[in-house]
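Chemist: Going down the list, the sequences are from chains A and B.
Residue numbers 1049 to 2178, in this note's numbering, belong to the letters of the first sequence in order.
Residue numbers -12 to 507, in this note's numbering, belong to the letters of the second sequence in order.
Some hints could be false.
[Stated by the list, open to error] In the SDA-like style, the derived pairs of lysine to any residue whose C-alpha atoms are separated by at most 25 Å in a straight line are: (1) A:K1539 - A:V1330; (2) A:K2047 - B:G243; (3) A:K1879 - B:A241; (4) A:K1383 - A:R1255; (5) A:K1539 - A:D1863; (6) A:K2047 - B:A241; (7) A:K2047 - A:T2091; (8) A:K1879 - B:S268; (9) A:K1879 - A:T1965; (10) B:K341 - B:G434; (11) A:K1879 - B:Q215; (12) A:K2047 - B:Q215.
In short, the hints are calculated from the structure, not lab data.
The residues making up each chain are set out below.
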Amino acid sequence: METLAPPVVAVVVAHDPGPWFAETLASIASQDYAELSVLVLDTGNSDDLAVRVAEVLPSAYVRRFEGNWGFGATVNEVRTMVDGAAYYLICHDDVALAVDAVHLLVEEAFRSNAGVVSPKVVSWSDPELLVHVGMSVDKGGSVVDRVQPNEIDHGQHDAVRDVFVAPGGCTLIRADLFDELDGYDPAIVAMGEDLDLCWRAQVVGARIIVAPDARVRHLEVLASGERPLEASLLAAADTAADTAADAGATPTSPERPVTLQELQRRHELLAAFTCYSRSHLVRVVPQIFLLAMGEVVVAELAGNRTRARAVVRAWRWNLGRMATIRARRSALQPKRRTSDKEIRLLQVRGSARLSAYFRRVFQFGFHGAHADELAAAAASDAETYGTADEGLELEPNVEQTEAGRVAGRVRLAFWLVAALLVIIGSRGVLTGRLPSLGQFTPFPTWSSTFSQFFTGWHPSGVGTTAPATPALAISGVVGTVLLGAMGLTQKILIFGCLPLGAWGAVRLLRPFGSQRAALVCGLAYLAVPLPYNALALGRWGALVVYAGAPWVLATLARSTGLEPFVRRTGVPTASAGVGSAEPGAWATHHGLLGGALALGVLEAVLISFVPAAAVVVVLVALSIVLSSLLFGDIPRTARSLRLALASTGVALVISLPWLIGVLSSGRGMVAVFGLQTPASGAASWGMVLRFAAGPIGASPLTWGFVVAAAAPLVLARGVRFQWAARFWAIALVFWFVAWISGRGWTGGLAIDPLVLLGPAAATTSASIGLGVAAFERDLPKAEFGWRQLVTAVGVLAVAVASVPTLVSALPGRWDLPTNDFSQSVSWMHAKVASGAFRVLWLGDPRSLNQGGWNVGGGLAYATSENGPPDARWMWNGTAPGPAGQLGSAVNLAMNDGTDRLGGLVAPAAVRYVVVLTSIAPEIAGEQSPTAYPVPSGLLPALGRQLDLQPVLSGTGITVFANAAWVPQRAEVTGRPGSARPAESPLATAPWMPVVPGAKPVLPGAAASRSFQGPLTTGTLFSSAAPSGAWQLVTSSGTPAPRTASFGWASRYAVPAATTGTLRFNDGFLPLLAGVFSLVAWGVALAALIDRRRLRREWERVGRPRSWSKGRLRPQEELEDAWSMDEGVLG
Amino acid sequence: MSGPGTNGTPTGDPTLNPRQAEAPGATTGEGSSPLVESRLARRRRTLRPVRGRTAAIVTAVAVVVGVGVVSSAVSVPPPAPPAPSQDGVQVAPVSARTSSLFCASGAGLAAGAGATGMVVLTNTSRATARGVMTTVAGSGAPMVRRGVAVPPLGTADVNPALGLPAGATASTFTFEGGAVSGTMVVSGPAGWSTAPCASSVSSQWDFVGGSTTTGLLDLSLYNPTAAQSVVDVSFLTPDGSVLVPQAYQGITLAPGQLAVAGLGSYVQNVPVVATLVQTSSGAIVATELDQMSVPSGSGLALVAGTPGPATTWRFAQTTAVRGGTVTLSLANPSPSAVTAVIAVGLSAATVTPKQVTVPGHTVVAFVASAAAGWPLGSPYSVTVKASAPVIVGRSVSAPPASAAPQAGLTGGTTTTATSWLVVGPGIPGNPIVPGTSMQTLAVANPGSSSVKVTVTQLAGGRPVGMAIVAANGLVVFGAAALVGLHPLVVTASEPVSVEVDDGPTGAPGVVAASGFPLRT
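I would like the entire structure built from these sequences, with the hints used as guidance.
Modeler: Written as structure tokens, this is what we have:
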């Protein structure tokens, strides 16, 4: 009788299966489904599989493959072998189907019109234990099982329902769907092929369901680690990678074996990259990336390098095969029938991996959570895809793992305590609002930050066309990754400096071979008061240099080629010049170009935020050369100076548009490094040595850092002593320069002493760490005596010196005030209704929230629009342009040169003059911020001005209103262009505006470059510079005639009532500059990454091969790739 | 990253091997067995000096200690002290963009009909000073604006009240540039007087020496600024009571408003009164006009206030004449008692200073003309140094049957300078009050070493006189040398104080004024 059942082909992929295989075959043979054919695909090495199949399932077809291509690639062969099947039942060789499983699966496929159907998967040995009942994923492709580990089957999951993933093992898929999808991705040799297939299936409109009535037992020999992934499969993975590399992508680094975890992670990412539409990709990928980076950091802190490596390599693997991914997307996206919005409904919200991690942390604590993972790595007790995350090393080096685990736990404990203390000390700020003080100026929206970088006009002063610092773009990028959470962006960029600096300190000392020394160095760097003083005083620049100093030091130290900052490769290096052709020789190659590129990119980032970092880098190198006077190794140390100069050159080239803006300031360009501050508040030498140039660390206990740092000078021998001496030389130089800079003895080069103390703190911490290294290596050689006493004193000194920092952590704010001046003047925003205006800020440069210019005598001036400034005013051009008249006017007032200051600054639309005498308002019993007095004559001079009205006089702030102000865009009705400003202050009474009869027009947001609104016949005054670049266009599109006003502003004749648009003409140069910046950064980063690849190739130079478009890299080029990723990316 | 110590791979480069470098004995074979090493060998090895250690330690210690020593030796300059108050009277620098003079020169309420006020403007620059005069009237009449011009190194007299109804007026002279001073000259039936125009507004103005027992006292409050001012006025009296009349609290002055108050209504029969003007918001200019009545006659005193108390006050020239009186009035605005030492400066003699205790919130009158041992008939300088800030004024009454006016009141100066501008009561050849001119010019040297003083005419620089002034002494140039009303410039090698005595009056000091300090 002819059956109506659709034909099903059971495809069993067998790879040297164990004794369970007979049961697998028997279960298939026992199916009550009439139209079931069986095809066994043999990928194993044993010869008797056909015999074993024939014994149980004589009707089955067996095809033997030479070598293991991986599960997906093998199954794909079914499309050429089978014709006429309606469904494929794709099975592993370790599953046992219930007798009615196929019947029920097909039935449900018809009933639900599903493309893919998954059975209920239970444990092989205990069918009461659920293994899978379908799976879900989150937006990043992280798979989430619907059942808990060891969950008992009580029928709680027995409803048919849509799922996102039909887990591998036993899956029914419609044959036409399988064909449409081109089967599995052959590049996925293991782990994740089911996710990829199911996701693509949903994109083309197929349903994925689970039919729990169909039961399948699954042994999971691969995922559990019982059957390791064999070398041939790894080779297949490499082959896939190499195939991609041949197309210009990255080869998989072979120095460590691929783990299941890594395979899972790379394939999750691959699925996400492939299946999301472009618009969704733009939104989701940054989130996935951020989570991945966070995971890497946490994993590193926990000592779980396997996980960290897996994540990094997964990204690298995918980014290295973008061409392939593009091809996959090109094949899939045209077939899309389901929008991502619908697909997202089937995904779990948030990050499944993050949620699971927090669950573990809450359940077992931080240590317990990671210990479990580490144990999982060793015990290979992974159960599902989720547990495949947990570090299954395919070829684990148990000895190394064990040794690392013990040390890692200790390190982890220390770092956790340190992190906890920092978090406790910062809790008040992290959980609340970051006050706007010093350089902690709030960011505008992420889009404003970006557009400010790319535009040709900046609102500082009265407007300037100086190119913006890349810091705005960097902040914008981070803000974009954080989905526009600019407050969070600011906190991350500020507080992230602390761990980054500590991490760099650890890496600085790592070449000395003592993890303990590196740990102590990092902890000491965290304990010095410097970063907390920078926090308390709102000195972001100092924090940035604090974060970057250890990395700069490490890179420059490596460039010297001095022990121990050289690299062992274990391979002969014919051109190394030392120990050539001897296995295990030292290679001392540090290509100038590579190093300059790496350090240059780092320096470019630093100088974007702190231009003085350029001086710091060169000064570090000079200090290293200076130290060579002790050891007579000038030729080697001179390399660091060459590298510093070269890297500075690279950084300047990357930042070329901004650099041109700085250079165009002429002699005033030195102001880019900082403005002069009054010497009266300079830190004493003792404060400088103790890094106590602020409210934290004033206790004499902090001398302990210096005392402890001196220990290696006394104890250490060999390279430890030599580098301790070099570190001391650097510290002494920076201490001294910071000291004289604070006193104003460096002339116009006024670098913030806190910025200069960054390298000193790094080298001091490094010296402290070297003391530990000396204790480990050098002291055992000595008899018991005074050296041990010195060690004890050093240890005690560090402990005691850390006490003030710890005490400062208790209040939870590092002395950061709660209230700031932006709150004091928040009422200004309401005044915009009467016209846009500027605020002239006067005070010590350290108390201003934005970049300013010098008036003289330690007084600086700056502007903002419509209230307190945001970060767009933070990095001013070096020259004030027409805004210089504001400074001159203030100077005049201070020297009795005028009593009409308001009239003099009125053309710039200055409505308020704010004088700050401290960093934040003083509130009795609540906050006592650091005071930064202004010249004593300033406030009396302002009080004598006839056109300034005091409106607010608080502790630390005095606000004057300018009676003579004119709105930024003001109109005088009358004959077109006839209105004139008052020729001089004499022409009007002090309480009259300098443009009589002016009314505000053309409203708009602060720092905008286009304003539109109704105008009447008359004259429009605009106080935006440069006047030539602004244009008033009437509704007819005709530009209004413009004449100069006040010498620098604009006056437009409005011929008739119209809707006018005042806009800034960017021209092509700003765009060109922006594109140049993007290209420069892109090229630099790409070159950096490329050279990192070169380094890896160099490391395995024993088998050099062509991996980049068939070109064999010359040995010199490979060797040249040296120092960059060691120092920066390592 | 892997460093040499991380993987322990032995090096092939003996010169770079730290182990070999650190333990040369091991490579030279010293110590036959690495396991059984003699104690002596170990000791010798460990004590082997490390190259550069001493130099490194010495350098580090030397820098740390050396810079420390330098740091403690070279102290950080303290914040600059607040600039002296300059008495609210000075000449703006030539380079100034704008400058203003505030002259509440019109007749007060009590000055009676016929009293007029004029302003003498003196330009110390070599270019014509052009400006605008804005005059307001106490009566509320519309504001008058007029252009003014002062010739280079010359003077001009202006009648601010021209075109305004009779009554009190106040003017603001605004110049494009600096270098101009203003002197108010008032005259009336009771006499005449001069006072400098204020060059800046202030939130505080103090006066001392007026009387509501022997005269009429008017207070002019002028707000030339754009901000509304709220003014409180209080009074100190000899008996220590502080008068705070309700009518004088919270006086609101709109921008450009002048208010004149007769103080006698609320401060009655106080022989010596100190007037303390304090704004709670804004800044103003204040002057006091005292119509004095003394046994020998009457007098009119226009007094520019001082913008705050000070610890040191000077009068470059004081002359007590027989039959007349010279009284120094000291007001203590603080609640605590203040001790003031009043010293006399003479070139050829030493006079024992007098010590006066001024109780808190009290005005004390010290009659200098009655002080035992103090000169009579010859000029001397007076310096008052107090233990806490006070306000000092000097009133003079002439002997009976003297020429008019017979009484006057002058505020002290807190300023010394090396260059002064001295202006008389009118322009050369055209005195505001007929027949008046500069009678004497005194230059007092408060320093401890002698000072060379040169007096020249402002216009043309014709020398008027030159003298060496001994320490703590003074020199007085007579009318013959001063020749009328030509403005004079006094230049000294060290800071001095100056005082010009205008006449004719009943006695020296009846109409007197300090000069205008010039910036050098």
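Chemist: If a hint holds in the structure, say so; if it doesn't, say that too.
Modeler: Structure-based check of each hint:
1. A:K1539 - A:V1330: Holds, at about 24 Å.
2. A:K2047 - B:G243: holds (24 Å)
3. A:K1879 - B:A241: holds (22 Å)
4. A:K1383 - A:R1255: Judged against 25 Å, a Cα distance of about 15 Å means the pair holds.
5. A:K1539 - A:D1863: It holds: about 16 Å lies between the C-alpha atoms, which stays within 25 Å.
6. A:K2047 - B:A241: holds (23 Å)
7. A:K2047 - A:T2091: holds (19 Å)
8. A:K1879 - B:S268: Between A:K1879 and B:S268 the Cα gap is close to 21 Å, so the pair holds against 25 Å.
9. A:K1879 - A:T1965: It holds: about 24 Å lies between the C-alpha atoms, which stays within 25 Å.
10. B:K341 - B:G434: Status holds; Cα separation ~19 Å.
11. A:K1879 - B:Q215: holds (19 Å)
12. A:K2047 - B:Q215: holds (23 Å)
Of the numbered hints stated above, none is contradicted by the structure.
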